[in-house]
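*Asks:* Chain A is fixed; fit chain B onto it per the hints.
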Amino acid sequence: MSPWRKRWLARFLARRQPPASRALLSNANIYILPTPFGYAFLTLVLAVFLLGTNYQNNLVLLLAFFLVSLFTSSMYFTHRNLAGLRLNRINSQPQVAGDEVRLEVQAEGLSHWALEFHFENGPLRRTDIDGLQRLVLLASPGPRGRYRPGRLTVACRYPLGLFRAWSYPDLDQVVHLYPKPEPWPRGHQSAGQGQQTALHQGEDDWQGLKNYQPGDPLRRVAWKQLAQGRGMWSKEFASPQSDSRWLRLADIKGRDLEQRLARLAWQVLDANEKQLLYGLDLGAMDIAPGSGHSHCNRCLAALACLGKPA
Amino acid sequence: MRWYLPRRTLLLLIASQLMAVLPTWNRVGWVLVVLNLFCLAWCSGICLGRFGQPPRWLLVLLALAGAVTLAFSLPGKGVYLAMVSLLVLGYSLKVLEIKAPRDLFALVLFGLFLLATNLVRYQSMAMALYLLLAALMQLAVLVSLHGGQPWRLQLKGLGRLSIASLPFTLLLFLLLPRLSPLWQMPNAQSATTGLSDVMSPGDFSSLAQSTELAFRAVLPWHPASSGLYWRALTLEDFDGRSWRQASFRQQAEDKSVPFTLSPGQDWTLMMSATSKPWLPVLDGSQPLSSELVLTADRRLVTKTPILKTRQFQLRLAEAKRGQASKRELAYNRRPPPDNPKTLALAQQLRQQYPADAALAQAMNRYFAGSQFRYSLSPPPLGKAAVDQFLFETHTGFCGHYASALAALLRAANIPARIVAGYQGGQYLPEGDFYALYQYDAHAWVEAWLPPQGWVRFDPTAQVAPSRVSGGLSAMAANPAFSAGGGWLWQLKQQPTMKWLRYQAALMDYRWNRWVLNYDSGRRQQLLGWLLGNHNGLSAALLFGGLLLVLLVALHWWTRRDLAPVQKAVSRCYLKGCAKTGLNREPGEAPGDFALRVARLKPQLAEPWQQITALYQQLRYQQSDAGLLKELKRRVRALPRSAKIAP
Chain A
1 MSPWRKRWLA RFLARRQPPA SRALLSNANI YILPTPFGYA FLTLVLAVFL
51 LGTNYQNNLV LLLAFFLVSL FTSSMYFTHR NLAGLRLNRI NSQPQVAGDE
101 VRLEVQAEGL SHWALEFHFE NGPLRRTDID GLQRLVLLAS PGPRGRYRPG
151 RLTVACRYPL GLFRAWSYPD LDQVVHLYPK PEPWPRGHQS AGQGQQTALH
201 QGEDDWQGLK NYQPGDPLRR VAWKQLAQGR GMWSKEFASP QSDSRWLRLA
251 DIKGRDLEQR LARLAWQVLD ANEKQLLYGL DLGAMDIAPG SGHSHCNRCL
301 AALACLGKPA
Chain B
311 MRWYLPRRTL LLLIASQLMA VLPTWNRVGW VLVVLNLFCL AWCSGICLGR
361 FGQPPRWLLV LLALAGAVTL AFSLPGKGVY LAMVSLLVLG YSLKVLEIKA
411 PRDLFALVLF GLFLLATNLV RYQSMAMALY LLLAALMQLA VLVSLHGGQP
461 WRLQLKGLGR LSIASLPFTL LLFLLLPRLS PLWQMPNAQS ATTGLSDVMS
511 PGDFSSLAQS TELAFRAVLP WHPASSGLYW RALTLEDFDG RSWRQASFRQ
561 QAEDKSVPFT LSPGQDWTLM MSATSKPWLP VLDGSQPLSS ELVLTADRRL
611 VTKTPILKTR QFQLRLAEAK RGQASKRELA YNRRPPPDNP KTLALAQQLR
661 QQYPADAALA QAMNRYFAGS QFRYSLSPPP LGKAAVDQFL FETHTGFCGH
711 YASALAALLR AANIPARIVA GYQGGQYLPE GDFYALYQYD AHAWVEAWLP
761 PQGWVRFDPT AQVAPSRVSG GLSAMAANPA FSAGGGWLWQ LKQQPTMKWL
811 RYQAALMDYR WNRWVLNYDS GRRQQLLGWL LGNHNGLSAA LLFGGLLLVL
861 LVALHWWTRR DLAPVQKAVS RCYLKGCAKT GLNREPGEAP GDFALRVARL
911 KPQLAEPWQQ ITALYQQLRY QQSDAGLLKE LKRRVRALPR SAKIAP
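These protein sequence lines are chains A and B, in that order. The first sequence: position 12 = 12 (the working numbering), numbered continuously. The second sequence: position 604 = 914 (the working numbering), numbered continuously.
Just chain A, same shape as in the assembly:
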């Protein structure tokens, strides 16, 4: 497609099908045209018609008429196979830059056969949708930052392959691509300077139990009490302050910003894996200490966006 046509198509689609978290495929946004095979089929129909006309043979004419009728009705069936499909966005977690991007979509509908899903330049996923289904789609790798996979292409040629019906829903998906983590345990040490590591402190100065709050690290859950059926409790420690620590970009050395960010990403993932309380200080912005999956994702997203236009 020429760049000019591409721009025109983008503008057209932006008006017709603006980005939204959900999409319903219907007459308004399904396009349909014969495939090359469809045109070849029409040529065959013409040949059969000529054969029937020249031999004045009603049966051959009937065959030609049947084939041309199939052509028409298969247009309806192909369109119908796509119509009524619902697509919902599923928010994606930050992913490593440079790898194939995994995007998830929830598809909902009854009896949609042999649909093809793909993002631009991404591999094709062929599947039936009959009910509610979570689809994992791959998009091409991208650089660090906010990544927009753009419009999804949903297409089908069912039943005969004479027509291809397709639609370009835009689920307004955004994925944060953080730098590929590079191990940097030294920074780890320096971050703990002047304080004891959380690991030891926490276990020495055990204070008592407090009510479990969502977000408390799992390793602090009082499993014994839970097992005895006394409810969910968290173990409390003497000095929560000393348990938390800051991962600072300024503390990490490296060739350039990208390498330093890569090392910081490794530290975030490491801290998350060890279920520590940690905060992130990037100079221009900081994230208060916390723990858990969503906290980790926030930190990685911040790493992805640093120095990039929003």
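Worth flagging that the hints you see were computed from the coordinates, not collected in a lab. Among the hints, a few may not be true.
Claimed, not checked - No more than 20 Å apart at the CA atoms, straight line, and that leaves these computed lysine to any residue pairs for SDA-like:
1) B:LYS618 x A:THR127
2) B:LYS466 x A:THR127
3) B:LYS618 x A:PHE49
4) B:LYS613 x B:LEU598
*Replies:* Chain B only, in chain A's frame:
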């Protein structure tokens, strides 16, 4: 784009190709058949993982073998057969190089076209059904390539698609104007059974064994079977053994004589394909259409050979038998060569009966003598066929008797000729028509006896009267006849078999009348019936209007419920709740509600529990069409709330 060819698709492809090639097998020769089978076998081997792709040299070798075969076998067989053979060759070889879907597409298109060429050759209803099935197989290949669902659902999808296409097909067939041929196509017929313009005694026995339909006749009256003589050919050139059509009959002035249409009864002839121009008609028939000509010997011929079943309108008037040119009479008087005993017999009879008419009658009665026997398997005859028959073998059927009588008459200086055609006919009251089969083929004699003119004599009737009054099938009881007919004849005389054959004949008649012979005239009739006084514009409007109606119907049929699955699930569940007759409290969980239902309506406990379980599964675990259908079914099965005791 990434593609893969499922094994199921390839197996379907092999089956569909087998179906498409099968009807061509007796036409394209055994080399191509073997080649095709080899390619298909190799392809199944690939499909089952036994062989790899064939090597390049093998493909080249196969292509060369096919081409050489074609080059040797085709000359003289005509362009049409060459086209079919080439199609089969290419179609077979293509199977060995399937790599991508585009190869499959090409094969499907090949296959569909091959089916169309088969339809040119075979037009019976059974064959049409078979070919329709074969066409659907080709489509099944496409569906299996483009749809991923289980084969049962694929079949259902194909069925829906085909059914949705039928009304369109019918509309196009009935209302689209018929075009005349855009260019002359090569003759599709290679050989057909039927009468030939040369008759040696014994020739008709192959026809007598053939149960192929020769023609049908729709007569507005019901003559006795013995009066039905369908004249197709006159044979006047006799060489002592064989009778031929006289060469002067081929000339233009004899071929077409002017006539004035006389009053009479109109009848319809539905002629099967013969690739010959002559028509079997009752004596005295006149053509009502310009494509037929009346000949000097009162036959009807078409201007072009009959290549497919065609229908002709005719009028039966009083036969004018009193005309004969001098040349014609002289030609028919020539004594039979090489048959001296026949000449002697004729002289002997002449002395007894000086008058021509009496002599002819006597000669005809001569065959009623006890020494003559009717048989479909007579001994072969030599060069002096008539002498041998009259004085040695005494055994034969219509051809022998007619030949002998005509020879006797000529030997006595009475002009005589053989007429070849059909005799009798099976009447089918439901269709109100007469069906004549090849085994009804018959030969008889016409003698010139002024003042009546040409008078018909059927010596066969003297020997085997039932042959003429009841048709050949009535002869089955005759052991002499059965010896020639074989066990098949016996089987065909069973009442059930007779009934089945009768029904089949009736269906075939309707098939011919309504499908094969639908033409511009019929289309005009239909339009007239629909629109009254119509012109091109109103016909086009009707066509467009019906097309629009069909499109709207199709649109409505394929319209899809755009409500999300979850909504459908909830709606169905709520309908079930209403049917229980209990009000579900806001915020009452399905499980709690189910407990309440079990307490208050114990008779509903069991089914409602199942509905709840299904609902929860659909709502929170997985959902698919099968489960939803099940839920709907169970909710429907609940008794109405009014019928549930509190």
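*Asks:* With the threshold set at 20 Å, check whether the alpha-carbon distance from LYS618 of chain B to PHE49 of chain A stays at or below it.
*Replies:* holds (17 Å)
*Asks:* Does the structure keep LYS466 of chain B and THR127 of chain A at a Cα separation of 20 Å or less?
*Replies:* This hinted pair holds, its Cα atoms lying about 19 Å apart.
*Asks:* Hinted pair, alpha-carbon criterion (20 Å max): LYS618 of chain B, THR127 of chain A. Please report holds or violated.
*Replies:* At roughly 49 Å apart (the allowed maximum being 20 Å), THR127 of chain A and LYS618 of chain B break the hint.
*Asks:* Is LYS613 of chain B close enough to LEU598 of chain B, meaning Cα to Cα at most 20 Å?
*Replies:* Roughly 14 Å between the alpha carbons, so the hint for LYS613 of chain B and LEU598 of chain B holds.
Taken one by one, the earlier hints fail for this structure only at number 1.
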